[in-house]
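Modelling step: build the complete structure from the supplied sequences, incorporating the hints.
Sequences listed follow chains Z and B, in order.
Its first residue numbered 1, the first sequence is counted upward by one per residue in the working numbering.
Its first residue numbered 1001, the second sequence is counted upward by one per residue in the working numbering.
Hints in this document: simulated from the structure, not taken from any laboratory.
Treat the hints with caution; some may be incorrect.
Listed next, the in silico EDC-like pairs over lysine to aspartate or glutamate satisfying Cα-Cα at most 16 Å (straight line) [stated by the list, open to error]:
id	chain 1	residue 1	chain 2	residue 2
1	B	1004	B	1059
2	Z	106	B	1051
3	B	1111	B	1121
4	B	1161	B	1117
5	Z	106	B	1053
6	B	1161	B	1118
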Amino acid sequence: MKVEDLSQPLPPVRQFFSYAMTAIAFLLTGLALLPLFAILIEILRQGLPNLSLETLVSLPAPIGVTDQPNGFANAIVGTLIMVGLASLASIPIGVMTAIYLTEFGKGGAIANSIRFIATVLSGVPSIVVGVFAYGVIVLTTKNFSAIAGSFALAVLMLPVVVLSTEGALNLVSNSQRLASAALGSSRFQTTWRVVLLSALPGITTGILLAVARAAGETAPLIFTALFSQNWFSGLQNPTPSMSVLIYNYANSPYVEQTSLAWTASVVLVLMILLINILSRLVTRNRLDIQ
Amino acid sequence: MRIKDLSFYYGVRKALERVTMDIYQGRVTAIIGPSGCGKSTFIKALNRISELEAQVQVDGLIEFFGQDIYSSRINLNRLRRQIGMVFQKPNPFSMSVYDNVAYGIRVSGRKSKSELDDIVESALTNAALWDEVKDVLNKSALGLSGGQQQRLCIARALAVKPRVLLMDEPCSALDPIATMKIEDLIHELRSDLTIVIVTHNMQQASRVSDYTAFFSTDESRVGHMVEFGSTSQIFRAANEARTRDYIEGRFG
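Quick look at the structure:
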């Protein structure tokens, strides 16, 4: 019997095809990364030189005044407060909704419609959510406020939290639920002590991504929280945020303001990067145990 | 436990037809039979765990020390604490070894730390696992080997002090040595525990059990019990031809 010579190379056409496809894959990957790095480099190039402790701790200086420190500390505080409040509202509601979807109402008509609504809601443009919050809160209270901004962000975060938590809970093997039930624990105990515990890393990742998204949103805040040149002065009042500051100042004719917008961009990107790294760490720690 | 005329349905499909047998206290009862004959269905009906997996319907009577377990007045949490279960695949929780064993006690009420320690140690000792895990009690249970995980699941079930332990093919995912350890364990445990074990391994049934029930299916794919008797009688002198054929390896 004649055995094929295993050391003989493939026919040139196949060889060429294989190399060509590899080259195309690399090329397209590079092309996809290009804008990503271009943005990052441009932000760092324009914003980093002005980044100093002063910008992080002081208020925006009035236009034309050069002997005062210039910064956006009020916007950092405003973003943290509004994202924090939005998380406080949307995370418990979102996680509870997801628990209902996977543990209690699974497969039922109610659960299916809730999931459908959440999916639709997650695709609603953020400016529409802003208009909604404007109509619901700003018009009724006759005031732009941090509350209105938080409300808009919470509405935006809610479907993300619901869907990602549901995904994480669905990954928990059913055998865990059965094992818990077989030990005589109630459905609530099973959900609380076993299912949530196993799904925690996934849930945390989903939540942090929702937080990161909310921190970067501009459209829902423009006509809910508005903006302010001053320190945060209560939940009932207009509140500055990083994203709106960037939006306002980037269009400004004054150089001090445009350069401040670049610096604020750097800080905002770093904040979001930090949240993402945090979510990675939470997940990785968990995998190490397993 | 006494089972009388038990018929079991998944939705509208009948899975088990009129099973009647007694499970004797302090004895090991093995359920054998070919795949799809309703062995697992049967054992999962005994602690009503199958209700969590699918829409089920049950006719007939299952009595646990004289109480009808399908009565609407039964508290499922109490029932399942009395009738423990070990599953086909080891399924420890993704917690520490200690927390796995302590789980069942913690959900049923508060206990002091020292009481909990004692229960965990005795449960692990009873499951012949204590010596292997006493230094890794606070490590994740998922780091144990398959055989250790299954014995951990047994310890977890023993910790709540059940009267009956149901084992659904507990060794089917394990290697021969781990299987041997579990079988030794069943021998140890039978003194103060009633055990029902489903197995498709006939040698295992003959090694560990006092009584054996042989299940099979008929043409309509509905499982039913063919024969029940002491293990020695079933394996040496079964009354039914089908039981003899199965045990001698002629079908199934």
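Each hint, compared with the structure:
1. For the proposed pair residue 1004 of chain B and residue 1059 of chain B, the alpha carbon gap of about 9 Å is at most 16 Å, so the pair holds.
2. As the CA atoms of residue 106 of chain Z and residue 1051 of chain B are separated by approximately 14 Å, the hinted pair is consistent with the 16 Å bound.
3. The straight-line distance between the Cα atoms of residue 1111 of chain B and residue 1121 of chain B is roughly 15 Å, inside the 16 Å bound, and the hint therefore holds.
4. Straight-line distance between C-alpha atoms of residue 1161 of chain B and residue 1117 of chain B comes to about 15 Å, which keeps the hinted pair within the 16 Å bound.
5. Among the hinted pairs, residue 106 of chain Z with residue 1053 of chain B is consistent with the structure: their alpha-carbon atoms are about 12 Å apart, no more than 16 Å.
6. For the given pair, residue 1161 of chain B sits about 13 Å from residue 1118 of chain B by alpha-carbon distance, which is consistent with the 16 Å threshold.
Violation of the numbered hints given earlier is absent; every hint is satisfied by the structure.
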